Amino acid sequence: MSILNIENLVAGYGAQDVLFNISVSIGKGEIIAVIGPNGAGKTTLLKVISGIIRPKSGDIFYKGESLLGRTPQYITGRGISWVPQDENVFPSMTVRENLAMGAYLLTEDYRDRIDEVCTIFPQLKNRMGQIAGSLSGGQRQMLAVARGLMIHPELLLLDEPTSGLAPNLVQMMLQKIKEITTIMNNSVLFVTQTLDAVRLSARGYLLAAGMIKYEDSTEIFLSNREVKELYFGG
Amino acid sequence: MEAEAQVADLLISGIIYGSIITLGAIGLTLMSDILNFFNFAYGDFFTLAAFCTMAFLNILPDMGTFAHLSFGWSMLIAALLSIVITVLAMLLFDFLFFKRLRKLGVTSLFMALASLGSSFIIRAAVYIIWGPKVRYYSSAIQISRKLPLGIRMKPDETVILVSVLVLVILVFYFLKRTKMGMAMRSLSDNKMLAQASGVETDRVIMWTWIVSGVLAGVGGIFYGIQVQLSPTMGWDFLIALFVAVILGGVGSFWGALIGGMTIGISEELITGLIQNMTNAMAIQANISVYKPAIAFILVVVILLLKPYGLLGRKE
Chain A
44 MSILNIENLV AGYGAQDVLF NISVSIGKGE IIAVIGPNGA GKTTLLKVIS
94 GIIRPKSGDI FYKGESLLGR TPQYITGRGI SWVPQDENVF PSMTVRENLA
144 MGAYLLTEDY RDRIDEVCTI FPQLKNRMGQ IAGSLSGGQR QMLAVARGLM
194 IHPELLLLDE PTSGLAPNLV QMMLQKIKEI TTIMNNSVLF VTQTLDAVRL
244 SARGYLLAAG MIKYEDSTEI FLSNREVKEL YFGG
Chain B
-12 MEAEAQVADL LISGIIYGSI ITLGAIGLTL MSDILNFFNF AYGDFFTLAA
38 FCTMAFLNIL PDMGTFAHLS FGWSMLIAAL LSIVITVLAM LLFDFLFFKR
88 LRKLGVTSLF MALASLGSSF IIRAAVYIIW GPKVRYYSSA IQISRKLPLG
138 IRMKPDETVI LVSVLVLVIL VFYFLKRTKM GMAMRSLSDN KMLAQASGVE
188 TDRVIMWTWI VSGVLAGVGG IFYGIQVQLS PTMGWDFLIA LFVAVILGGV
238 GSFWGALIGG MTIGISEELI TGLIQNMTNA MAIQANISVY KPAIAFILVV
288 VILLLKPYGL LGRKE
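Respectively, the protein sequence lines represent chains A and B. Okay, so the first sequence: first residue is 44 according to the working numbering, each after it adds one. Okay, so the second sequence: first residue is -12 according to the working numbering, each after it adds one.
Looking at chain B on its own, in the form it has when it is part of the complex:
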């Protein structure tokens, strides 16, 4: 029973972690498909969102907490402001760097290198403004609550899960049912035909940054709730995002979702089980540092079987 409870706890942790990865993977796969390059700065926008939220929390008056949660209205206001700042920051970087490079017609490799430079800029800015110390939104310790079927979740985790579900549904609805969403999908499917149909590329690119920025903003805030805030938190998280996108197939919305959840659950479950085994054998080892290895092994295995990812398409 105890073993089953441990597995259930690991599974829940994996689902929570996977849901945050899913947000980032959807944003990253959108950018990769429409903007045609892997944005190495994307993880650092998560960091920016997390630190901006902390900064606003320090400024805003204490408005208490919602029942059983570690946060209240001040967190919601801080979060909204941070999401706006994250989106504006991404649009600013596009205006300053990526748009100019697009007009010059540079290759995807150069765009990716430019994003790498952008990631250093953002990380340096976070270091300078907030310093290298790790921080937390709240020092309060949350107790897991028992839910039906023996599941135990912290109240904050419930909010994260429900919020991610709502956001994923909203993004799916936006891409599938709105005119701009259709324009974004058409541009990724057949750029020349989309332009000949009347799609304005610059507007679609702007909306791609906006949608990806919202996902990065929310993802960064949720990630900050789950882990310590540090200037490298987003950069470290980027590996999981990339692997999730590649696993699911670049450009695939559902692939990003499946990839994100697969990486999240497998990392937590496998490292957790190995950690339990090593503890039982009195072996001193911190297995959690090997989480990225789990993700890489998984993606190599999947790509050997499906070279374009689970739901990717052959270009």
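This is chain A alone, in the form it adopts within the complex:
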């Protein structure tokens, strides 16, 4: 059963269209990867789903409900959590405050939720009072994903979660993403340029120049020579 269905989506910035008739679907509990070159529209796709940008045409159905015209607050409240690639924490606020902001729409006490999220990211436990802007790149990325998990999301949108990380941290982050879906049984749509990240997913989409060029199960996706040569260096 699909948790998210994007149908013939057209979106952009002002007069400039960036996405052209995009159709993507994500099943419950699935990990889906979207790969593509810089400027393909990957981040724009995530922004449209999270309500930051309004589409010009097409529709987005989340658990059967159209998200057209909905505010980012409403969409987050329905269980979709977006973790941006850049500027993905509140740099002047502490780690604890960042996590509290992740739980802004939560009705229950967020402190229990912090404990749950810290079982996935124990490295954050001893840094609760630290200002987020002073964290290392890897710690900041962990905090960004942890913040995204605070709302009990059913769908997690991750924009290049391993970007800028050292190779050992890349593996750690990918392991964490796998852990998240196992423990929390949520769906993940992540944008990536990392081969290992694609291997984590059940299906992949190739996005280029704002259009879906290719989609298939990961196994077949990765055996496609053009995909491998163009995006993963053979």
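Derived by calculation from the structure, the hints in this document are not laboratory data. Since the structure is predicted, the reported quantities are computational estimates derived from the model, not experimental observations. C-beta: ideal position from N, C-alpha, C; glycine also. Be aware that one or more of the hints could be misleading.
Said to hold, decoys possible - Listing some non-contacts, in silico: residues in chain B with all C-beta distances to chain A over 12 Å:
1. S57
2. W60
3. L180
4. G185
5. T258
What the hints assert, rightly or not - Distance condition first, Cα-Cα at most 25 Å in a straight line; then the derived DSS-like pairs of lysine-lysine:
6. A:K99 x A:K256
7. A:K168 x B:K163
8. A:K221 x A:K71
9. B:K178 x B:K86
10. A:K168 x B:K166
11. B:K141 x B:K86
12. A:K99 x B:K166
13. B:K141 x B:K278
14. A:K99 x B:K178
15. B:K166 x B:K178
16. A:K256 x A:K71
17. B:K178 x B:K90
Unchecked claim - Pair by pair, the computed Cβ-Cβ distance ranges are:
18. B:V121 x A:E151: 56 to 62 Å
19. B:P279 x A:D102: 56 to 62 Å
20. A:D60 x B:P279: 50 to 56 Å
21. B:I108 x A:T137: 39 to 45 Å
Please arrange chain B on chain A, whose structure you already have, making use of the hints.
Only chain B this time, still in chain A's reference frame:
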């Protein structure tokens, strides 16, 4: 000893003046950080609060004064009513002008120009309603009282200082410990992420106006206690507020506090000492008119060393 007493008196004056600047600087820096423009009308809301207080004082019956103070219950009631009116006036201006401009997506420069227009509107309204004459809350002369450590303060000044301290603590608590305060800080820190976290921008903006309005209301009333009421009192005060915000760093609560106190103390101390020197040399000069120059010199020196202000952050 006399010289030491003079310096102590100037220091106290500076602290009182600085505390009033601090209230305004906190309000102004909040608005600058969250609403993303310098509100040139902010000083005139001080004027509005001061004149509304005077108007209510004229209407309310004389309920006497508190011990040693120049005001009593009628002043407290007048002050509360004026603060409410100041907040409502700021919300009204937002509804009529600033909200519409935000929806159109205009730049910060246009918002600042709109605030400049708003300041003319408020000042004109004060002129029309109350006229250009300077006024006072009370013609009674207060005598300074001796406090420990040789400090001399007027009783009203003590109330101002304590009230500002309480208000600053309350605002800090609000920003640091309440959910709305955290939402306000998150919006100024990372607007897109705040929206994606569920923060409603319109509600945060409303609360920004409310908090800034309360600070303007209280600041205007205290400023009216210290100086003559005139239609340009707030506009003239705006320079000190801007300089305090820039000195402390735009968007920084503690920067506004440090900036406000620094400007207040330095203006009073430096001009006071120069005035004493000129008096001793029998030179006729009113040095107090040069107070804004002190503030500007100070901010230029600080910005040369710290371009984002003492506690400001690089955008």
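Given hint B:K278 paired with B:K141 - CA-CA distance at most 25 Å: holds, 22 Å
Least C-beta distance between B:G185 and chain A, which was stated to exceed 12 Å: violated, 4 Å
Outcome for the supplied range 56 to 62 Å, where the beta carbon pair is B:P279 and A:D102: holds, 59 Å
Straight-line alpha-carbon gap A:K168 to B:K163, limit 25 Å: holds, 21 Å
Hinted pair A:K221 and A:K71, Cα distance within 25 Å: Holds. A:K221 to A:K71 sits at ~15 Å (cutoff 25 Å).
Agreement of B:K141 and B:K86 with the hint, judged by alpha carbon distance not exceeding 25 Å: With Cα atoms ~43 Å apart, B:K141 and B:K86 exceed 25 Å; violated.
B:V121 paired with A:E151, Cβ distance criterion 56 to 62 Å: Since B:V121 and A:E151 have Cβ atoms about 57 Å apart, the given range 56 to 62 Å holds.
Pairwise hint evaluation, A:K71 against A:K256, where the allowed Cα distance is 25 Å at most: Holds, at roughly 24 Å.
25 Å limit on alpha-carbon distance, applied to hinted pair B:K166 and B:K178: holds, 16 Å
Consistency of the no-contact label for B:T258, given chain A and a CB cut of 12 Å: It holds; B:T258 is separated from chain A by about 36 Å at its closest Cβ, greater than 12 Å.
Assertion that B:S57 lies farther than 12 Å from chain A (Cβ): Since the minimum Cβ distance to chain A is about 42 Å, B:S57 lies beyond 12 Å and the statement holds.
Agreement of B:K178 and B:K90 with the hint, judged by alpha carbon distance not exceeding 25 Å: holds, 15 Å
When each numbered hint is compared with the structure, violations occur for hints 3, 4, 11, 12.
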